[in-house]
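Participant: Taken in sequence, the protein lines are chains U and G.
Just so we're aligned, residue 1 is where the first sequence starts under UniProt numbering, counting upward by one.
Just so we're aligned, residue 1 is where the second sequence starts under UniProt numbering, counting upward by one.
Be a bit skeptical, because a hint or two may be false.
Claimed, not checked - In the SDA-like style, the derived pairs of lysine to any residue whose C-alpha atoms are separated by at most 25 Å in a straight line are: (1) G:K191 x U:E353; (2) G:K119 x G:T285; (3) G:K119 x U:E353; (4) G:K163 x G:A131; (5) G:K119 x U:K284; (6) U:K284 x G:A131; (7) G:K119 x G:G133; (8) G:K163 x G:P281.
As the list claims (entries may be wrong) - Here are a few chain U residues that face chain G, going by a calculated C-beta distance under 10 Å: (9) L16; (10) E18; (11) H232; (12) L318; (13) D322; (14) E353; (15) L354; (16) A386; (17) R387.
Keep in mind the hints are simulated off the structure, nothing from the lab.
The beta-carbon is built from N, C-alpha and C at its ideal position, and this holds for glycine as well.
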Amino acid sequence: MADSAYFDHAATTPMLPEAVRTMTAHLGVTGNASSLHGAGRRARRTVEEAREALAAALGARPSEVVFTSGGTESDNLAVKGLYWSRRAADPARTRVLASPVEHHAVLDAVYWLADHEGAVVEWLPVDTYGRVHPEALREAIARDPSNVALVTAMWANNEIGTILPVAELAAVAAESGIPMHADAVQAVGQLPVDFAASGLAALTLTSHKIGGPYGVGALLLGREYAPTPLLHGGGQERDVRSGTLDVPAVAAFATAAGLAEERRAGFAADVGGLRDALIDSIRKVVPEAVLNGDPDPAGRLPANAHFSFPGCEGDSLLLLLDAQGIACSTGSACTAGVAQPSHVLLAAGADPELARGTLRFSLGHTSTEAEVAALAEAIGPAVDRARSAGLT
Amino acid sequence: MDATPAAVPPEPATRLRVLAAMSGGVDSAVAAARAAAAGHDVTGVHLALSANPQSFRTGARGCCTVEDSHDARRAADVIGIPFYVWDLAERFREDVVEDFVAEYEAGRTPNPCLRCNEKIKFAALLDKALALGFDAVCTGHYATVVRGADGARELHRASDEAKDQSYVLGVLDQRQLAHAVFPLGDTLTTKDEIRAEAEQRGLAVARKPDSHDICFIADGDTQGFLADRLGSSEGEILDESGASLGTHDGAHGFTIGQRKGLRIGHPAPDGKPRYVLDISPVDNTVTVGPAESLDVSALTAVRPRWCGTAPAAPGRYTAQIRAHGGEIEVIAEPGEDELRVRFAEPMRGVAPGQAIVLYDGTRVVGSATIATTERTRPLASQSGV
Chain U
1 MADSAYFDHA
11 ATTPMLPEAV
21 RTMTAHLGVT
31 GNASSLHGAG
41 RRARRTVEEA
51 REALAAALGA
61 RPSEVVFTSG
71 GTESDNLAVK
81 GLYWSRRAAD
91 PARTRVLASP
101 VEHHAVLDAV
111 YWLADHEGAV
121 VEWLPVDTYG
131 RVHPEALREA
141 IARDPSNVAL
151 VTAMWANNEI
161 GTILPVAELA
171 AVAAESGIPM
181 HADAVQAVGQ
191 LPVDFAASGL
201 AALTLTSHKI
211 GGPYGVGALL
221 LGREYAPTPL
231 LHGGGQERDV
241 RSGTLDVPAV
251 AAFATAAGLA
261 EERRAGFAAD
271 VGGLRDALID
281 SIRKVVPEAV
291 LNGDPDPAGR
301 LPANAHFSFP
311 GCEGDSLLLL
321 LDAQGIACST
331 GSACTAGVAQ
341 PSHVLLAAGA
351 DPELARGTLR
361 FSLGHTSTEA
371 EVAALAEAIG
381 PAVDRARSAG
391 LT
Chain G
1 MDATPAAVPP
11 EPATRLRVLA
21 AMSGGVDSAV
31 AAARAAAAGH
41 DVTGVHLALS
51 ANPQSFRTGA
61 RGCCTVEDSH
71 DARRAADVIG
81 IPFYVWDLAE
91 RFREDVVEDF
101 VAEYEAGRTP
111 NPCLRCNEKI
121 KFAALLDKAL
131 ALGFDAVCTG
141 HYATVVRGAD
151 GARELHRASD
161 EAKDQSYVLG
171 VLDQRQLAHA
181 VFPLGDTLTT
191 KDEIRAEAEQ
201 RGLAVARKPD
211 SHDICFIADG
221 DTQGFLADRL
231 GSSEGEILDE
241 SGASLGTHDG
251 AHGFTIGQRK
261 GLRIGHPAPD
271 GKPRYVLDIS
281 PVDNTVTVGP
291 AESLDVSALT
301 AVRPRWCGTA
311 PAAPGRYTAQ
321 IRAHGGEIEV
331 IAEPGEDELR
341 VRFAEPMRGV
351 APGQAIVLYD
361 GTRVVGSATI
371 ATTERTRPLA
381 SQSGV
């Protein structure tokens, strides 16, 4: 069956036609951006123009853009790289302060540092919306400002959509000279993201969530930071990330980023309106459904709605909606495709049983009222059925 | 059947919404493919049965690794059906693994596959499937379900008796059978032909080795698995007169009829091999003796389950008392909560905890769990058991 409604833009969103055009235009062009001859120079020019466009869209300097293979690599580079370099400068710096609602790309990198590199991890407390408050960070730092390697907290949560006050958190970290990284994969294109104004040391973004191609992303990295590389080699990207750049992907990523920023205000308003309609229609049909995350639209991503359906297994709901051609996500991490209760909801203090029956609906630039209407029609019977199947 | 996938599946007399349990092996993949080719609306599901699955098959035997789940997913992709992984690890642990350990602890020899069919595939999974709007669960078992004259479902041995798996399905009742689809049961196909069919259908699992043994014991070391859970405690190995012949590390390590691994230093006076005759968890002793002492003339089994209506009177049946055992002639007398069975000829290696499945011709009548046996030659040191 053809997908009749796609509510998983937070997983990936269709490429913008403009980005497809940029990419295809460059696919047939030869040139390694590191080569010295004419073909190399042409490739390098494309990359540098992309770097400048991306920097302009995100309030960064071109030299602060480090291209990577995507969000996971950027998160790993920031978290591990900053930990290693900060600890190398002062062996006492082994404390990592992290939000517990991070994407696995941050979460598991932090766990790895604890298991293999002697990191002492402190998970920052969050409120019931999954938000870290600046006072909590200040308290954690104050216990010993000298031994903190880094702070990491995401700009907006990928599951429940809660926006974190990253600029305020970065300011608190800066008081003690501590670098802060934010995973802004979900924020870019939906919220104003200005790297310079944020005060962050490092910011992760990825292309395929904003209408660009897969397999390319960036770490915006303050010029005074030199994280220890994950990849050693030819010394590309400030010697922080070696590897031949994917020129067509980098160019298309920049096209998408430019358009995402240019269209952001209008997009956020439109998609927010559609999202509000989706929330209203679900509440009308399933009054007992619980909206997770911040109910205040100012506090959550405009394209995100995340619900718990009491008495239902998220897996069951997903299967039933999928059979109707409606794509959404249980919003939780998968190992062999097995849904685990969401660490985000558990960190935010949700009832573990409610955390099992969740669905994330994420909208994007192709979302329509007709899709919301299709969901409104399907969700009631799906919930009834899933509830009769119960919790296994 | 025509093994070439048809472009447009034929419309079957009754188009069912079928949930195909896909282990990642070749049988369940071909079963799902056949159900889809027959025109049913098939959805694949892989059951995650281990809380901490191993990543790869290396060293693992069965169907519970991440790689197996991937194989099942790829088969579903090729068949062109939706596919999901359902986490039934908790139910599996409670109903199958813990039962398995407890049975060994009690000196019995359980069959976890029967237990899984009874409690997981045709209970937890079937119930969830029905609630979600499916009509049936499909598996790769070699057995046949037919509709009898009165409309009731009958479970029969597979057409190819060499591959027949009706023994492990003997626990299914009428309701469960009414919602079971076994696409592999009704064709005379060798395993090679099933593999060839998988190959023709483009299924990459065509050449995957068969799974063996117990899926949740990855390295195949059942004794090690039990020792990890039950610990080891030294006990005595006795002969039939009660004289000590040596020691063992725990009575749970033995099965009635077992000959290997007894570790008795000196040979029997008659020079003949000795077998485990009795396991007594209460005093942690294992009694051994000659093969003749294993002869059993009758048994009593508990928890009878009938595929259809329970037989009202004692009758002549054939029976199977282990998964790969032959058929034996019996007279079975169904009681209230038990089944008494008398063998036409003395039987050896009758292990409490195993299932006895009764057949009438190829039809499965029912099953029960062997509780006690009656020896032809009562053990000198024991009264009964």
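Participant: Hint by hint, say whether it matches the structure.
Facilitator: We went through each hint and held it up to the structure:
Simply put, G:K191 and U:E353 have alpha-carbon atoms about 44 Å apart, too far for the 25 Å limit, and the pair is violated. For the hint linking G:K119 to G:T285, the alpha-carbon distance of about 32 Å lies beyond 25 Å, and the restraint is violated. Under the criterion of a C-alpha separation no larger than 25 Å, the hint pairing G:K119 with U:E353 is consistent with the structure, at around 23 Å. As the CA atoms of G:K163 and G:A131 are separated by approximately 32 Å, the hinted pair breaks the 25 Å bound.
Between G:K119 and U:K284 the alpha-carbon distance is near 38 Å, which puts this suggested pair outside the 25 Å criterion. Distance restraint check for U:K284 and G:A131: the Cα-Cα separation of roughly 24 Å lies within the 25 Å cut-off, and the hinted pair is therefore satisfied. Restraint check for G:K119 and G:G133: the C-alpha separation of about 20 Å stays at or below 25 Å, so the hint holds. Annotation: proposed proximity of G:K163 to G:P281 is violated, straight-line Cα distance about 35 Å (limit 25 Å).
Against a cut-off of 10 Å between C-beta atoms, the interface hint on U:L16 is violated, since the closest Cβ of chain G lies about 28 Å away. Below 10 Å, beta-carbon pairs count as interface contacts, and U:E18 has none with chain G, the closest being about 32 Å; its hint is therefore violated. Violation of the interface hint for U:H232 is found here, the shortest Cβ-Cβ separation to chain G being roughly 27 Å, above the 10 Å cut-off. Given the 10 Å rule on beta carbons, the hint for U:L318 holds: about 8 Å separates it from the nearest Cβ of chain G.
Interface restraint check for U:D322: the shortest CB-CB distance to chain G comes to about 6 Å, inside 10 Å, so the restraint holds. Evaluation of the U:E353 hint against chain G yields a violated restraint, the C-beta minimum of about 13 Å exceeding 10 Å. Taking 10 Å as the C-beta cut-off, the interface hint given for U:L354 is violated, the closest approach to chain G being about 17 Å. Here the hint on U:A386 is kept, as its CB sits about 7 Å from the closest CB of chain G, short of 10 Å.
The beta carbon of U:R387 is positioned within 10 Å of a beta carbon in chain G (closest approach about 9 Å), and the interface hint is therefore held.
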